[in-house]
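First to last, the sequence lines map onto chains E and C.
Per this note's numbering, the first sequence starts with residue 1, numbered consecutively.
Per this note's numbering, the second sequence starts with residue 1, numbered consecutively.
Quick caveat, the hints were computed from the structure, so don't treat them as lab data.
One thing to keep in mind: the hints can contain errors.
Non-contacting residues of chain C with respect to chain E, defined by C-beta distances greater than 10 Å in every case (computed) [claimed, not checked]:
id, residue
1, Asp18
2, Asn60
3, Thr65
4, Ala69
5, Arg84
6, Ala94
7, Phe100
8, Trp144
9, Gly160
10, Ala171
11, Asp189
12, Ile191
13, Glu202
14, Gly238
Simulated pairs of lysine-lysine, BS3-like, Cα-Cα distance not exceeding 30 Å [stated by the list, open to error]:
id, chain 1, residue 1, chain 2, residue 2
15, C, Lys26, C, Lys108
16, C, Lys108, C, Lys127
17, E, Lys454, C, Lys102
18, C, Lys108, E, Lys454
Note that this is a predicted model, so its numbers are computed, not measured.
Note that the Cβ used here is the ideal one computed from N, Cα and C, for glycine as well.
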Amino acid sequence: MSPVIPLLLVLALGVVGWLVARARARTFRRSDPARRPHSLPGYHAWFVALCAGLPAGLFALVWSGASQGLVMASVLADPAARDLPAFGITRDAILAEARALATGQAEAAFHPLARALVPAFEHALRLYGGVGVTATLVLGFAGGAWAFLRLRPEFTARTQVERIVMGLLLGASLVAILTTFGIVASLLFETFRFFEFVSPLRFLFGTHWAPDPMAAVGPATGEAYGALPLFWGTLYIGAVIAMLVAIPLGLMSAIYLTQYASPALRRWVKPMLEILAGVPTVVYGYFAALTVAPAIRDAAKAIGIASASSESALAAGLVMGIMIIPFVSSMADDSIAAVPQAMRDGSLAMGATRYETIRRVLVPAALPGIVAGVMLAVSRAIGETMIVVMAAGATARLTANPFESMTTVTFQIVAMLTGEGSFDHPATLSAFALGMVLFLVTLALNFIALRVVKRFREAYD
Amino acid sequence: MTTFHELDPVDAKISARDVSVFYGDKQALDRVSIDIATEYVTAFIGPSGCGKSTFLRTLNRMNDTIASARVEGEIRLDGEDIYRSGMDVVQLRARVGMVFQKPNPFPKSIYENVAYGPRIHGLAGNKADLDAIVERSLRRAGLWDEVKDRLADSGTALSGGQQQRLCIARAIAVDPEVILMDEPCSALDPIATARIEELIGELKGRYAIVIVTHSMQQAARVSQRTAFFHLGTMVEYGKTSDIFTNPREERTKDYITGRYG
Ligand SMILES: Nc1ncnc2c1ncn2[C@@H]1O[C@H](COP(=O)(O)OP(=O)(O)OP(=O)(O)O)[C@@H](O)[C@H]1O
Ligand SMILES: [Mg+2]
């Protein structure tokens, strides 16, 4: 049931309510010019419009979702549905086809059963659509009328509108939070299903990763799901190689920008550095796969490292390090700049050089902020997908040789979800368990980083 | 207006001639000339914004850290022009120490705060030397007894008065020849202030001390020479007793008697 028509109706109701209420509120002033009404006519108008529109609009949205289930239930109750296969892909396909026919989105039926179901669909859609529109209209009228009847010169429309607006703002901010909870819940659900096939211990500490989405599920299934090589690859690329690049470069550029660069130069370079953070990661991926990886392989071969492959942990890690320089440098920049000028002056007045001042006073004082920046950067790096998909490779390997290909958690999530396996196969489900681990680790990193930053802020305020 | 007064025939540690300072286009100091001797504590007084801090900061070239600041004129330390090209500013600041208005200990331990200067200038050969320097500096700053059992605690955890004495200890740890103090007591209570004034009395003669202060009483108590600044010029400079009891300039008198400022 598409919510477009009911929502348009709601909008129209709101506009009508707005106009009527404003006209009514204007009469208050005329009828008794001596007493000033509590609120301006505009507030009365908005009060009525919101009362008419909000509940009805919400209902229309909810109904458009809820009615799907009702339609389906009534179709399945129809005698024609008795011939449907019990479950699986065919059943869903037939139902979808019947639905498309009923709503006029398709012309010809591919499956004979679909045509038989069309009348049932049409009937249900008409019924629940009608119910939805009617209920929406009734709600809108009721809300509008209730609000309209409350209009008086002394009615506190201004305060009421303020409250409704606050509620709307609160609702908007809740959406993001609730979505997070929704994500966690859905991840959790699928993760538990995965752990019905594979024990968590084996998953977390097993060293053999070779899921086969086509393999039959048996008692030995769990043996192919040891994710340790993935965790290792993720940390090695994201937390070791990338950080070896990003920490020194990010820190040094932050120091240069805060302590040495002229204000004019700083005005140019800082935004340019931050643009790095806005480059789509797929672009970095190309760079890693097409330019950096072959160069590294050739260089490694030239110095006699035979195992060097064209997809390497080093290539992915290097490019990822470049990508997260702005994260490190902008946090380091902020926290170095936040060290009071008095510290710097105190050190310089002792006869310290600028570099000594930076190394012995500024960086130690800014260290918590810098550490927090690094942690945010790590969490960003281990969640990064495109670069590793394009440059790191698919082989799960427990090795410290950066010239070999390695795979990461994010890469395997993509691989498992885009594979041919059915949705309830452990191979597919493993993607959710991997996602859950990634989510928990990055959550912990961000949480610690924010705590550290907060403590640091307090120290100087 | 340039006013320069000959004083008793002691050797000048610092002699400034026609020093002008500009912040961008704005002139903050106009041709100040003065001789400062190790034998005395010298006080700079004057209404807010008259250029006392600006002048003080020219003496150890801390104005270099302000991009817009420009200094003209000549300042000699032991006869050596400190603004000549090739002057080692780092070395200069080791010889001319500074204590700021607001105590600014580093967020390090008490010990490390005092050891900071000796470390960067390589004054101590070994740990025992460094310990000795730290102890001697803290003793001279009158802080030793209060902190000797907690040298590893953070310097920022001390009280305001203790922090300021720590900063003084930090400054004297490199054995400077001159100590510049810019309103060192303005953030302190009367007891801590008295303690610092007492300390200045003890340090007098060992170091040339220049102190900026807004308190006439403080200038009278701690200094033997006083310079009165007004609107970027040095109006009068002389014996503290003369300045306070028998000023030559009308403006000095007005300021001393509290008619403006
Ligand atoms: N960094 C700066 N940039 C521009 N102008 C400055 C700067 N520092 C000081 N000034 C200006 O120079 C003049 C002298 O300032 P200065 O700080 O030397 O005064 P002061 O005598 O120390 O005052 P106070 O007693 O309030 O500390 C003032 O007009 C001030 O606005
Ligand atoms: Mg000042």
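Each hint tested on the structure:
The claim that Asp18/C lies off the interface holds: its Cβ sits roughly 25 Å from the closest Cβ of chain E, which is beyond the 10 Å cut-off. With a least beta-carbon separation of about 7 Å from chain E, Asn60/C fails to lie farther than 10 Å from that chain, contradicting its non-interface assignment. Its beta-carbon lying about 6 Å from the closest one in chain E, Thr65/C breaks the requirement of being farther than 10 Å from that chain. Ala69/C, annotated as away from the interface, keeps every beta carbon of chain E farther than 10 Å; the closest lies near 13 Å.
No Cβ of chain E approaches the Cβ of Arg84/C within 10 Å, the least distance being about 18 Å, so the stated non-interface status holds. At roughly 3 Å from the closest C-beta of chain E, the C-beta of Ala94/C falls inside 10 Å, breaking its exclusion from the interface. Distance check on Phe100/C: its Cβ comes as close as 6 Å (rounded) to a Cβ of chain E, failing to clear the 10 Å threshold; non-interface status is violated. Residue-level check passed: Trp144/C sits 20 Å from the nearest beta carbon of chain E, beyond 10 Å.
No beta-carbon of chain E comes within 10 Å of the beta-carbon of Gly160/C; the shortest separation is about 13 Å. At roughly 7 Å from the closest C-beta of chain E, the C-beta of Ala171/C falls inside 10 Å, breaking its exclusion from the interface. Listed as outside the interface, Asp189/C is consistent with that label: its C-beta sits roughly 20 Å from the nearest C-beta of chain E, beyond the 10 Å cut-off. Every Cβ of chain E is farther than 10 Å from the Cβ of Ile191/C; the closest lies at roughly 24 Å, confirming the non-interface assignment.
For Glu202/C, the non-interface assignment is confirmed: its Cβ lies about 21 Å from the closest Cβ of chain E, beyond the 10 Å cut-off. The non-interface label for Gly238/C is consistent with chain E: the shortest C-beta to C-beta separation is roughly 28 Å, beyond 10 Å. In summary, the hint linking Lys26/C to Lys108/C is not supported, as the alpha carbons are separated by about 38 Å, beyond the 30 Å threshold. Straight-line distance between C-alpha atoms of Lys108/C and Lys127/C comes to about 18 Å, which keeps the hinted pair within the 30 Å bound.
Pair hint Lys454/E plus Lys102/C holds up; C-alpha atoms about 25 Å apart against a cutoff of 30 Å. Taking the CA atoms of Lys108/C and Lys454/E, the gap is near 20 Å; set against the 30 Å cutoff, the hint holds.
Violated hints, listed in ascending order, are 2, 3, 6, 7, 10, 15; each of the other numbered hints is respected by the structure.
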